[in-house]
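**Student:** Listed below, chain by chain, are the residues.
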Amino acid sequence: MNKPKKPVTNEVILKEWREIQKAQSDPAFFRPLYDRYYENIFLFIFKRTADESLTADISSQVFLKALQRLPKYTFKGVPFSAFLYRIASNEVAQHFREVSKNRVISIEEIPLGHLMDEIHEEGDDPHRSVLLSTINQLKKEEVHLIEMRYFEQRPFKEIADILCITESNAKMKTYRILKRMKKMINI
Amino acid sequence: MNRNNYNIKINPPQPSSEEIAKHKDFDGLLKHYHSSSPNPSKLPANKIALYAGSIAAIAATIFLAIFLTPTLFNSDNTITEDAFFASHKFVDAPIPPLDPVSESYTIIAEEGGTLEINTGSKIVIPEMAFMNDRGKLVEGEVQIFYREFHDPVDFFRAGIPMDYDSAGVKYQLESAGMIELLAEKDGERINIAPSQAIDIELPSEILVPQNGNAPEFNIYYLDTLKRNWVYMDRDEMEFNDPEPSIFDEFLKEEIPIEMAAEMEALETRQAEAIVSMEKSIPFPIAPKRPRQFEEGASSIELDFLTDNIKESDNAADALFKETYEGTIWQVMEKKTAFNENLANFTWEKWDLKKLDDQNFQITFTRGEHSMELIVTPVLLGEDYENAMTKFEDEYTKYKQNIKDQLALREIEKDRLQKQLEEEKALMAMKYEEQINTLKAKGNDYAAADMMIRKKVVNRFRATGLGFWNCDRPLPPYIEQIFCDFTDQHGNNYDNRIGYLVDKNQNTVYRFLAQKRTPLRVNTKAENLIWFVNPDNKLAILQPEEFKFSEDEKKEITFVMNLEQDPIESEEDIRRVLEL
Chain A
19 MNKPKKPVTN EVILKEWREI QKAQSDPAFF RPLYDRYYEN IFLFIFKRTA DESLTADISS
79 QVFLKALQRL PKYTFKGVPF SAFLYRIASN EVAQHFREVS KNRVISIEEI PLGHLMDEIH
139 EEGDDPHRSV LLSTINQLKK EEVHLIEMRY FEQRPFKEIA DILCITESNA KMKTYRILKR
199 MKKMINI
Chain B
43 MNRNNYNIKI NPPQPSSEEI AKHKDFDGLL KHYHSSSPNP SKLPANKIAL YAGSIAAIAA
103 TIFLAIFLTP TLFNSDNTIT EDAFFASHKF VDAPIPPLDP VSESYTIIAE EGGTLEINTG
163 SKIVIPEMAF MNDRGKLVEG EVQIFYREFH DPVDFFRAGI PMDYDSAGVK YQLESAGMIE
223 LLAEKDGERI NIAPSQAIDI ELPSEILVPQ NGNAPEFNIY YLDTLKRNWV YMDRDEMEFN
283 DPEPSIFDEF LKEEIPIEMA AEMEALETRQ AEAIVSMEKS IPFPIAPKRP RQFEEGASSI
343 ELDFLTDNIK ESDNAADALF KETYEGTIWQ VMEKKTAFNE NLANFTWEKW DLKKLDDQNF
403 QITFTRGEHS MELIVTPVLL GEDYENAMTK FEDEYTKYKQ NIKDQLALRE IEKDRLQKQL
463 EEEKALMAMK YEEQINTLKA KGNDYAAADM MIRKKVVNRF RATGLGFWNC DRPLPPYIEQ
523 IFCDFTDQHG NNYDNRIGYL VDKNQNTVYR FLAQKRTPLR VNTKAENLIW FVNPDNKLAI
583 LQPEEFKFSE DEKKEITFVM NLEQDPIESE EDIRRVLEL
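Protein chains in written order, with this note's numbering: chain A, 19 to 205; chain B, 43 to 621.
Simulated from the structure, these hints should not be mistaken for lab results. Treat the hints loosely; a few may be bogus.
What the hints assert, rightly or not - If the Cβ cut is set under 10 Å, some of the chain B residues that face chain A in the computed set are:
1. D67
2. S78
3. P139
4. T148
5. E183
Think of the CB as a built atom: it goes at the ideal place given N, C-alpha and C, for glycine as much as any other residue.
Please work from the sequences and hints to get the whole structure.
**Tutor:** Right, here's the structure in full:
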């Protein structure tokens with residue numbers, strides 16, 4: 019698998035915390051955070067909706083909620099993006115619950131190939147359609163983890179921050195999902 | 043056929059950054075935010091009551107209590123210290139990014155396990171030690187979060203309260219080591235099951251009087267609901283090293299370190315002096331041994347060389363003429379293919395190049411033709427014998443010269459060595475004097491109850507998760523001073539949390555700075571005070587500045603030094619506070 023993106027350094031987190039504190043005293047100072055993360059959040063949501071105008075609506079909702087919850091935000095030693103991604107995941111899930119439709123999973127060929135490498139045994143190359151069918155059977159939380167790790171190439175630290183679990187928990191969960199997928203493919 | 047739970051799209055086209063940017067509207071977001079903020083005056087009465095009740099319990103209690111119990115205010119209507127701290131988070135890291143981070147470990151609840159921490163601590167977890175919020179025993183993987191605190195910088199960074207209320211008397215807890223132990227299962231906090239306990243072994247250090255007995259320590263647990271430490275047990279503390287005297291430590295460390303550095307500097311200077319000396323006493327150049335013509339070898343004469351050098355030419359040429367006049371040049375046939383026929387050829391140009399002490403390269407050219415020879419000057423017959431006699435004479439002189447130079451160098455080296463020894467002896471005398479002075483002062487230090495650090499191992503059983511502290515309570519000082527705090531820029535520090543460390547105690551006092559702040563301190567101790575300003579810069583009063591006269595005790599103004607740069611790491615804190 020390609021090397022996942024590097025986790026954010028402590029210095030950056032510290033600098034960002036000062037920005038958040040400023041925004042907590044005056045929401046107008048939220049702008050740098052909004053500018054920094056808007057595109058990332060937009061793409062995160064778009065991959066799950068495949069609809070640009072729907073994504074724009076949900077993105078607005080995410081940042082509005084972030085701003086409303088900002089006074090209670092406390093420093094956790096993780097990037098602010100984790101907080102935003104968490105809200106974004108919930109908003110996407112909420113939307114699909116309301117419209118009773120299937121959530122979109124956007125996959126590119128190369129990351130799919132990496133996932134296939136993780137799962138297949140030596141000499142046994144699962145057909146792509148089998149893999150996609152297996153993904154279709156996963157639970158929402160499992161899909162979320164696989165998406166973030168393999169399709170969005172996020173480091174385990176970031177995934178843990180977004181899901182509010184420990185890094186080792188994130189690794190263990192991913193391992194278990196892959197094991198289950200392997201089993202499902204081999205049945 | 044399996045049901046499709048998701049709408050999977052392969053390689054879907056994504057909007058570009060420009061297309062995404064079109065959807066950005068921060069001003070619209072801000073407007074929406076302001077218009078969506080709740081306005082309490084528009085809420086029905088029952089919702090107002092609900093709001094009042096839903097504010098954090100502590101803040102609400104204080105809000106109501108202000109109207110019922112006037113003791114929460116000072117006579118001048120400023121909030122009391124107790125009320126202030128009661129309205130703040132109980133464990134409140136003053137600089138959150140610098141709150142010490144927990145280490146995490148995973149165990150299987152059914153198996154338990156022993157965690158060996160890299161600090162030397164040990165955590166022994168029995169089988170089935172945990173239960174969830176619903177009282178059910180937890181199985182499977184459990185994440186343990188652990189961190190330790192040992193000194194005032196650790197306590198300060200974590201914002202752990204060190205005061206202890208016992209029967210209405212406020213004590214300060216001096217720590218012999220503290221831990222925080224937490225556990226989670228799938229991201230949910232869990233607790234230690236009833237009748238279970240986790241054994242902790244925690245190495246740390248305590249400050250004890252130089253010639254006194256070590257005090258006894260207890261185990262306290264931080265009850266965050268009651269907002270107080272709770273006495274749990276006696277600390278099974280074991281001392282880990284023999285009695286070090288402050289002098290031994292100083293003698294072991296400080297003096298030898300300083301002395302070693304000076305010694306090293308001396309040795310370096312010595313080595314440099316020797317090199318310099320050798321350069322100033324160079325060895326003579328060895329005379330060249332004359333070479334005899336080899337029978338049967340080819341040779342040429344190069345008379346035109348010396349004929350072409352006039353007396354008025356440069357010294358090198360004059361030397362060359364003197365040296366090689368009449369010389370026969372033997373052709374080193376091994377190095378070049380010498381064709382004797384070419385010897386009769388008339389050449390137009392020549393070029394002579396010295397290759398080394400013995401050999402020369404001469405190149406003859408005429409038009410397209412050229413001949414290159416490696417030649418060496420040789421002598422034969424009487425010339426050779428005369429040259430050999432001269433050489434032997436010079437060589438004898440040369441050998442004597444070498445001996446003389448070597449002898450001179452040895453004399454100089456000895457002199458330099460003696461100089462070094464004298465300097466070292468002087469240095470040793472200087473340090474011996476220092477040591478004797480300190481030893482003489484030894485009794486004075488003992489009388490002043492000088493504190494020394496001792497290594498200990500604390501042992502206790504944790505029956506709950508959270509903060510556990512190995513402490514002893516220090517009663518409040520009787521002596522009280524009243525002070526105001528400002529800094530070099532004239533900033534006032536009223537209503538800010540101040541921190542005080544007595545360098546002879548392993549604790550941090552926390553107080554609320556106000557007009558005429560009352561402080562109960564050991565005025566003779568090394569007291570360090572600081573504040574954290576909103577930019578994470580520290581305003582510090584070093585012990586040497588903690589000075590005032592008897593008359594001033596009721597009204598002291600301490601001028602803090604506000605640091606220029608914000609604190610960004612633990613190292614920064616230790617450096618500026620010198621802790």
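**Student:** Are the hints correct? Go through all of them and say.
**Tutor:** Outcome of the hint check:
no. : hint : verdict
1   : D67  : 8 Å, holds
2   : S78  : 7 Å, holds
3   : P139 : 5 Å, holds
4   : T148 : 6 Å, holds
5   : E183 : 7 Å, holds
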